[in-house]
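Chains V and G are the protein sequences, given in the same order.
Under numbering that gives the first Met the number 0, the first sequence has 129 at position 130, and the numbering climbs by one with no breaks.
Under numbering that gives the first Met the number 0, the second sequence has 251 at position 252, and the numbering climbs by one with no breaks.
There are no misleading hints in this set.
Reference excerpt, derived from the structure (chain V facing chain G, CB under 8 Å, subset only):
{"no.": "1", "residue": "Leu152"}
{"no.": "2", "residue": "Ile153"}
{"no.": "3", "residue": "Ser156"}
{"no.": "4", "residue": "Ile172"}
{"no.": "5", "residue": "Thr301"}
In short, the hints are calculated from the structure, not lab data.
Ideal placement from N, C-alpha and C gives every residue a C-beta, glycine not left out.
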Amino acid sequence: MAAYLVRRVLLMISLLLILSVAVFLLFNMLPGDPARLTCGKSCTEAVIEQNRQRLGYDDPPLTQYVKFMSGIFTGRVFSPESPEPIVCAAPCLGYSFNRHEQVLSLIVRAAPVTFWLAIGAFIIWIAVGVSLGIFAALRRGRWPDRLVLGVSLIGYSLPSFFFGLLLMFFVVIQWQWLPYPSYVSPFEDPVGFLQTMILPWIVLAILYAAFYMRLTRNQVLEVFNDDFVRTARAKGLPERTVVVKHALRAGLTPIVTAAGLDLAGLLGGAIISENIFNLPGLGALSVESITNSDLPLITGITLLTASLIIVANFIVDLLYAVVDPRVRLV
Amino acid sequence: MVGRSLRQIVWARLRRDKVAMLCLFIVTFMYAVAIFGPFIGGFFGLDPYKLDTATISDLGGRPVLPNGGISPQHPLGVEWGTGRDIFAQLIFGLRISLVIATSATFITVVLGTVIGIVAGYTGGLTDTLMGRLMDLILAFPFLLIILALSGVLTQRLTNLGVPEGNPSRILYLILVFSVFGWPYLARIVRGQVLSLREREFVEAAVAMGARRRRILFSEILPNLWAPILVYATLTLPAYIGLEAAVSFLGVGVLPPETTFGAMLANSVNYMNVVPTYLFIPGTVLVVLVVSFNLFGDAVRDALDPKAIH
Numbered sequence: 000m001a002a003y004l005v006r007r008v009l010l011m012i013s014l015l016l017i018l019s020v021a022v023f024l025l026f027n028m029l030p031g032d033p034a035r036l037t038c039g040k041s042c043t044e045a046v047i048e049q050n051r052q053r054l055g056y057d058d059p060p061l062t063q064y065v066k067f068m069s070g071i072f073t074g075r076v077f078s079p080e081s082p083e084p085i086v087c088a089a090p091c092l093g094y095s096f097n098r099h100e101q102v103l104s105l106i107v108r109a110a111p112v113t114f115w116l117a118i119g120a121f122i123i124w125i126a127v128g129v130s131l132g133i134f135a136a137l138r139r140g141r142w143p144d145r146l147v148l149g150v151s152l153i154g155y156s157l158p159s160f161f162f163g164l165l166l167m168f169f170v171v172i173q174w175q176w177l178p179y180p181s182y183v184s185p186f187e188d189p190v191g192f193l194q195t196m197i198l199p200w201i202v203l204a205i206l207y208a209a210f211y212m213r214l215t216r217n218q219v220l221e222v223f224n225d226d227f228v229r230t231a232r233a234k235g236l237p238e239r240t241v242v243v244k245h246a247l248r249a250g251l252t253p254i255v256t257a258a259g260l261d262l263a264g265l266l267g268g269a270i271i272s273e274n275i276f277n278l279p280g281l282g283a284l285s286v287e288s289i290t291n292s293d294l295p296l297i298t299g300i301t302l303l304t305a306s307l308i309i310v311a312n313f314i315v316d317l318l319y320a321v322v323d324p325r326v327r328l329v
Numbered sequence: 000m001v002g003r004s005l006r007q008i009v010w011a012r013l014r015r016d017k018v019a020m021l022c023l024f025i026v027t028f029m030y031a032v033a034i035f036g037p038f039i040g041g042f043f044g045l046d047p048y049k050l051d052t053a054t055i056s057d058l059g060g061r062p063v064l065p066n067g068g069i070s071p072q073h074p075l076g077v078e079w080g081t082g083r084d085i086f087a088q089l090i091f092g093l094r095i096s097l098v099i100a101t102s103a104t105f106i107t108v109v110l111g112t113v114i115g116i117v118a119g120y121t122g123g124l125t126d127t128l129m130g131r132l133m134d135l136i137l138a139f140p141f142l143l144i145i146l147a148l149s150g151v152l153t154q155r156l157t158n159l160g161v162p163e164g165n166p167s168r169i170l171y172l173i174l175v176f177s178v179f180g181w182p183y184l185a186r187i188v189r190g191q192v193l194s195l196r197e198r199e200f201v202e203a204a205v206a207m208g209a210r211r212r213r214i215l216f217s218e219i220l221p222n223l224w225a226p227i228l229v230y231a232t233l234t235l236p237a238y239i240g241l242e243a244a245v246s247f248l249g250v251g252v253l254p255p256e257t258t259f260g261a262m263l264a265n266s267v268n269y270m271n272v273v274p275t276y277l278f279i280p281g282t283v284l285v286v287l288v289v290s291f292n293l294f295g296d297a298v299r300d301a302l303d304p305k306a307i308h
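Sequences and hints are given; from them, build the entire structure.
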């Protein structure tokens, strides 16, 4: 167990390192002058040159990478010689010259929106998806099963942005059941918060729930064929115990994996839903940063989002052992 | 009793499935429309680029007739501001959507299959490195990357000699979908190869001194058609949706060309006045994707009727 843990942590760290190199190369080494992008259209060569030095874009790539990475752990100072140096304390993900703000503080400001969006949708899709999946599996081949499968197929065939636009059109514009979405914190205005979030939650939840219904159903059916379930039945355990304690516990492992990774992916920002429902989360922030060619911000968000997935991968692997008694970590 | 090949068996099973046949018809019809529609439509004066300013008002460019200007000349209405025919745009847009989704699926399948087979059969360091590469690619927020790299990489394709503008943009989408799509299939294929390579027929081929390429692609590959076919039929609709989603976000073909996503993105500006802009391309998109998915499911059932799904 300890050896497994150490190996898994080392693997995760090496993946994170490779990831940082990949993200860095992808965005910083592409053609185009990042220094030129730091100031708008009315820009003089002198300002560009000054920004290039301040941001360290005149350094060789390796130096830039080392500076970037050490900034995450020890913080860094941009343009130390100038009269107003920009101090970026650890963990420093960079500085957006476009917005004159640290990348991390921009991310921290947008993160709660995405967090609430992801968590709310997650709860709905797990509750709906897993319970309907089990329900369908227990009635295999009969009409409730077919209904669930049909709903699931339509759910994942419906492009989420089209479904989102449909909801916007009917619920907000046509019937005016809800006001036009504008984000407020749940602690300031709980009602307004729910009114804003309910539609994006539904859109995201339906997309994922459709997939989880199938996954759960297939998983449960597969486990029902396993020997240990037959044994449990043969022992004369009540059907309820067989389903809940034996079959579900073993069948849920892949669902835990999928759920962990999907939640992590969503926490990095739901670009389409945030776009349609006017939510100022990480997805909206990343789209804005792309529109403004704000390289430090794009790099920061991508690195953070991808790291989330890698860390989630690690946690999910550990959870395996907890959920499924058959898994031994060696 | 005559022996039947797997293809005959699968086809016979599919023929019995009415839903699958209907979906196959819809899908074939859509491809036919995408391929021949623009030629045939041309004879009837179907032109997605022709501005018909008579159908829109002088102020603001709103279609004069209700429901987005639906009339005998323009059965699905006209575009706001230009008066271009929506029906013609749909047919031309369908062509671009299908070109992108079909080519991207093809490249994804080739990449995923080859890499999956090689990684699974070779094992060892190659397998480990491929596995890590897949982990890395799957960790990337690909929608974000598609948006972020579109400007620079489209330009780079243009510099490499691809015609400027939409051809470069279309090729970019095809390539970027493939690059982020192959690991899923490669994982499936690798898993299958791991068990296939222990089978007797592979051992026999090795003992006979067959070359590696022969073992990989003549001995092992034919056993993988079922999962590959199923994966391809389910990836294609996913790419149609993805293409619509990224063009909705502004990466994709530029006017006067259009796709479902571009039409839907455009509809947002007018949907409280002209909801047909939202409904028409959206409905066609959903019908197309649902048909593909249902057909993919049916193919999977036909290939493996005992499997649980």
